[in-house]
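Protein chains: 2
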Amino acid sequence: MKIHVPELPMIMWVVLISSIPLNNLLLKNIEPYYNIGRGQHNKLSWSRAAAEEAEAVVSISCSGHGRAALDGMFIQDKPICQCNSCYGGDDCSVLLPDCVVDAHSGNPMFLEPYWMKNAASSAVVVAGWHRLGYTYEGDSYMSRELEKVIQKLHAVVGNANATGKYILFGAGATQLLNAAIMSLSHPPSQHSDDDTGNRLLRTNVVCKMQTEVYNSLNFKWGGDASSWKNKSDSSTENFIEVVTSPSNPEGELREPVLEGSSVKTIYDYAYYWPHYTGISSPANTDLMIFTLSKLTGHGGSRFGWAFVKDKAVYERMANYLEVNSVGASQDAQLRALVLLRTVLKDDGREFFGFGHKTLRERWVMLSRSLSKSKRFSLQKLSPHNCSFFNQVTDPSPAYGWVKCVREEEHDCAEVLKSAGILGKKGSYFSADDKYVRLNLIGNQDDFDLLLRRIDALVSQE
Amino acid sequence: MKIHVPELPMIMWVVLISSIPLNNLLLKNIEPYYNIGRGQHNKLSWSRAAAEEAEAVVSISCSGHGRAALDGMFIQDKPICQCNSCYGGDDCSVLLPDCVVDAHSGNPMFLEPYWMKNAASSAVVVAGWHRLGYTYEGDSYMSRELEKVIQKLHAVVGNANATGKYILFGAGATQLLNAAIMSLSHPPSQHSDDDTGNRLLRTNVVCKMQTEVYNSLNFKWGGDASSWKNKSDSSTENFIEVVTSPSNPEGELREPVLEGSSVKTIYDYAYYWPHYTGISSPANTDLMIFTLSKLTGHGGSRFGWAFVKDKAVYERMANYLEVNSVGASQDAQLRALVLLRTVLKDDGREFFGFGHKTLRERWVMLSRSLSKSKRFSLQKLSPHNCSFFNQVTDPSPAYGWVKCVREEEHDCAEVLKSAGILGKKGSYFSADDKYVRLNLIGNQDDFDLLLRRIDALVSQE
Chain A
192 MKIHVPELPM IMWVVLISSI PLNNLLLKNI EPYYNIGRGQ HNKLSWSRAA AEEAEAVVSI
252 SCSGHGRAAL DGMFIQDKPI CQCNSCYGGD DCSVLLPDCV VDAHSGNPMF LEPYWMKNAA
312 SSAVVVAGWH RLGYTYEGDS YMSRELEKVI QKLHAVVGNA NATGKYILFG AGATQLLNAA
372 IMSLSHPPSQ HSDDDTGNRL LRTNVVCKMQ TEVYNSLNFK WGGDASSWKN KSDSSTENFI
432 EVVTSPSNPE GELREPVLEG SSVKTIYDYA YYWPHYTGIS SPANTDLMIF TLSKLTGHGG
492 SRFGWAFVKD KAVYERMANY LEVNSVGASQ DAQLRALVLL RTVLKDDGRE FFGFGHKTLR
552 ERWVMLSRSL SKSKRFSLQK LSPHNCSFFN QVTDPSPAYG WVKCVREEEH DCAEVLKSAG
612 ILGKKGSYFS ADDKYVRLNL IGNQDDFDLL LRRIDALVSQ E
Chain B
192 MKIHVPELPM IMWVVLISSI PLNNLLLKNI EPYYNIGRGQ HNKLSWSRAA AEEAEAVVSI
252 SCSGHGRAAL DGMFIQDKPI CQCNSCYGGD DCSVLLPDCV VDAHSGNPMF LEPYWMKNAA
312 SSAVVVAGWH RLGYTYEGDS YMSRELEKVI QKLHAVVGNA NATGKYILFG AGATQLLNAA
372 IMSLSHPPSQ HSDDDTGNRL LRTNVVCKMQ TEVYNSLNFK WGGDASSWKN KSDSSTENFI
432 EVVTSPSNPE GELREPVLEG SSVKTIYDYA YYWPHYTGIS SPANTDLMIF TLSKLTGHGG
492 SRFGWAFVKD KAVYERMANY LEVNSVGASQ DAQLRALVLL RTVLKDDGRE FFGFGHKTLR
552 ERWVMLSRSL SKSKRFSLQK LSPHNCSFFN QVTDPSPAYG WVKCVREEEH DCAEVLKSAG
612 ILGKKGSYFS ADDKYVRLNL IGNQDDFDLL LRRIDALVSQ E
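Residue numbers (this note's numbering), protein chains in the order written: chain A, 192 to 652; chain B, 192 to 652.
Keep in mind the hints are simulated off the structure, nothing from the lab. Computed from a predicted structure; not experimentally measured. Check each hint, because a few of them may be wrong.
[Said to hold, decoys possible] Simulated pairs of lysine-lysine, DSS-like, Cα-Cα distance not exceeding 30 Å: (1) A:K625 / A:K615; (2) B:K308 / A:K269; (3) B:K269 / A:K234.
[Said to hold, decoys possible] Over 12 Å on every C-beta distance to chain B, these chain A residues come out as not near it, computed from the model: (4) P473; (5) G544; (6) F580; (7) V596; (8) S621.
[Stated by the list, open to error] Derived CB-CB ranges, DEER-like: (9) A:S250 / B:F580: 39 to 49 Å; (10) B:S236 / A:Q267: 25 to 35 Å; (11) A:L287 / B:G349: 42 to 52 Å; (12) B:E446 / A:K234: 47 to 57 Å; (13) B:G349 / A:E328: 38 to 48 Å; (14) B:K308 / A:I266: 23 to 33 Å.
Note that the Cβ used here is the ideal one computed from N, Cα and C, for glycine as well.
Starting from the given sequences, assemble the full structure and let the hints guide the process.
The structure is reproduced here in structure tokens:
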């Protein structure tokens, strides 16, 4: 068999052969630097194929109105676009005329442009044999490095005083809230573990949804905190009040309604970040819950943390988390570590700056549109002094809390729905259905369409 | 300002300039292939730095007796080795003479060599903006692609019949077991949600540890199933029996102890995979739980799934999982997707072949060592016909279940501990403390040292 050698002019042979050692020299200058950290240029081995695959999927544009994902829908081994609500077509380029805009969920998509801009530092690459087994160093379910980053974040933002408090990781604020309620309602009063016939004295939890599933001996749903305000002082019953501050949906900083020795308080600080409110001072309460979802937008990761002052409360929470799910996912913890390190690159200036600016602009636009209306009103919010931005910051809440003013319009969510806007009913938040919550932290498409529909509605008045 | 141009011989300038278009030509041949799938060679952008960092950390050898990790301990920004038990020194090269071998945990490390060999296909690369928000397509908490891969895996292995059953994802078998118990013990009997003074009739759960934390109205810990065998037939009480098959710690295929209309059964099939036992036929029970932990070794990911036949039971479980933690982590789901796709590359031949061979060899060695002993005995296991390997397979259990035969040795874990072996006490499994469980699914170092200590102990008899 004859091997075909292409005919080249003599000068090209000289160039070709001469360039081999030069290229080798260039490569050799790169190879030995197997240093740790991002920014070197090394030769890749096992991670290359997965990196190429991830970049290829991500590079599918979906017209800017959707996205393809590695773990999304595939058709014939090709990932397909999942379009934002109200967009359709193979490449999401078609605006669907009569669709309903999604302002119902609390899906935190508004930070997507920040993560796309900071793609290199926020990417996660993990080997197949990374962290087999259940625990980190010291048989812990918690990454010590992640704990350090979280502590640093709070120090930089100034929104929580973690000194002298135990830290716990959980599958989002939800699991931590469950753990806290379980812990604070234990031990139950002396009669309540009696199943032989005595009356049970249980803890009243002022927080909906938990007790419907658990049906626990230890606690029951006690209704709105305000309805217990006068009774709790003299009551022989125990209370747990969950204080969400800033509140959901209004976005106001909140204090507990109940007080006294029979009351224990859990603080949900999911929204106590500079995107959503001015940071007045570091929170320094006994049981504080934070979550990645509303901080970075990664709600599906299911990761949150709690600071707990009392050792016994902490230990019962830790026990609950172990028995409930053997700790928080290590994959979620690794993701959180990389994301929060990115946030901290410049002490959070770019990240929180982008988040606040985005929500501030949306709030201004929504307020302006609704200010022309006599049919709908919007919650009033005040500027706050923000120690993080070192200035007074104007309101930038996560949600619009809209009221249908007309007496005959009892179900505001229905009113908006007939105008093509899907919001969340007031009664979901133990409020009147004359109110409806509109999501302002979704993606830009959802907000743009929301505003367009609101404008159309108001112009009809 | 004068720009300095280095002086080169004329011929070098010719080579340098001539090689530029050639190199460009080579690069251009690579760039356009932005195809999906692993194995192309494309130019990387945002993922490169993270990939380099991950490879650099993983390349730290730790003498083969430990590992460094991206989310492990760092000293002065350098990741340090975390050594296997009984190894020490900066690079884990020192065998510590008097240490206690860890055979206590059930840390599934034995598959590490498989994952290292299949590094390219099992790596996960994820962008910072991948899956912001809470849900997959169709507002689901579950990745449809992962569901497909799980269904395919069961079809290939032949260990579960998923036809006509609902599937649920959870944070490991633990959370799914909790969900199943909550669901099956609901609604409680007519009297049990009464907190005004009537006697409560609760469901007895034959499964330790859950009820200690929950203290639920719906269920209580009912003790060993065997102790209820005769009583349950005529009892007015309700029972939930959790059947782990193969059993932990013995490794035997199991059937329920209790039966009758007042009994509901949950099957924990964590170990029903070809590593651990012959697959006799597809499991086809009403509530089946599986977990990634013992299947692939990724216990810290906290991912498991359940097949549920009854629609109402399934719906209550789904509700529990949503209220408890808003579904399973999407990061864990992505990892599971990539890992299980790797397992399925050759229909699981290499993966399960490696797993079974490794555990079989360990079992043979442990059996041989203990066969010389009159002081210790080991559980007896029979070969099983395995439809997956299409042959009779010899025992390859996850644990050794050792008995101290001498009458005066009541605490077998203590006996082994004084010989430098840390096992798990029999009473942890509701058995006599004359028994102790030894982990056979740990890393090779742990097993090698375990065997050495056992041999030394037996030779002293």
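For each hint, the structure was consulted:
A threshold of 30 Å between alpha carbons decides the hint, and for K625 of chain A with K615 of chain A the separation of about 11 Å falls inside it, so the pair holds. Pair hint K308 of chain B plus K269 of chain A holds up; C-alpha atoms about 27 Å apart against a cutoff of 30 Å. Straight-line distance between C-alpha atoms of K269 of chain B and K234 of chain A comes to about 20 Å, which keeps the hinted pair within the 30 Å bound. Every CB of chain B lies more than 12 Å from the CB of P473 of chain A, the least distance being 27 Å, so the non-interface label holds.
Even its closest Cβ contact with chain B, about 17 Å, leaves G544 of chain A beyond 12 Å, as expected for a residue assigned away from the interface. For F580 of chain A, the condition that its CB be more than 12 Å from all CB atoms of chain B holds, with the nearest at approximately 23 Å. Residue placement check: V596 of chain A keeps its beta carbon more than 12 Å from all beta carbons of chain B (closest about 31 Å). Consistency note on S621 of chain A: stated as away from chain B, and its beta-carbon is indeed over 12 Å from all of that chain's, at 17 Å minimum.
For the pair S250 of chain A and F580 of chain B, the supplied restraint of 39 to 49 Å holds, since their beta-carbon distance comes to about 42 Å. Our hint of 25 to 35 Å for S236 of chain B and Q267 of chain A holds, since their Cβ atoms are close to 27 Å apart. Restraint check, L287 of chain A to G349 of chain B: a C-beta distance of roughly 45 Å satisfies the suggested window 42 to 52 Å. For the pair E446 of chain B and K234 of chain A, the supplied restraint of 47 to 57 Å holds, since their beta-carbon distance comes to about 56 Å.
For the hinted restraint 38 to 48 Å between G349 of chain B and E328 of chain A, the CB-CB distance of approximately 39 Å keeps it satisfied. Remark: the range hint 23 to 33 Å for K308 of chain B to I266 of chain A is upheld by a beta-carbon distance near 32 Å.
Hint check: no violations occur; every hint is consistent with the structure.
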